[in-house]
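*Asks:* Sequence:
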Amino acid sequence: MDTIPPSDDDEVFRDSGERVVRAAKDVFGRGLDLSRSCAREVIQSISQMSDAVKPNEFEVKLAIKLDSKAGVPVLVKLGAEAQMEVTMKWTLKDPSKPV
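Using full-length UniProt numbering, you'd call the opening residue of the sequence shown number 1 and step up by one each time.
Hints in this document: simulated from the structure, not taken from any laboratory. Because the structure is a prediction, the values reported are computed rather than measured.
Computed list of lysine-lysine pairs in DSSO-like fashion (alpha-carbon distance at most 27 Å, straight line): (1) K89 - K61; (2) K54 - K89; (3) K25 - K65; (4) K93 - K54; (5) K61 - K25.
Across the chosen pairs, the derived CB separations fall in these ranges: (6) R22 - A52: 47 to 53 Å; (7) D26 - T87: 29 to 35 Å; (8) K89 - R19: 44 to 50 Å; (9) F28 - W90: 34 to 40 Å; (10) D33 - M88: 23 to 29 Å; (11) I43 - K65: 22 to 28 Å.
Even glycine gets a Cβ: it sits at the ideal position worked out from N, Cα and C.
Please work from the sequences and hints to get the whole structure.
*Replies:* The structure is reproduced here in structure tokens:
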């Protein structure tokens, strides 16, 4: 069986692939850092609300575009100019007595 000896090009492609994987991991890590930072800000803001208006539950949706060329995570616009969607839910203590 004939075998083809490895060429210098094979090593270049392998090195390029490893660089892409390292860059993707770095950019992904930055995206996770951004999402944690946004979560902290939302929690801090809600915790500062008075108990009379503080929601029982809240949900945050965040879209992050990972741009490996720039190496910086960027918030992606959701819908009409929104970058973050926050849903808040309140539960009445006594459903028979609406506010």
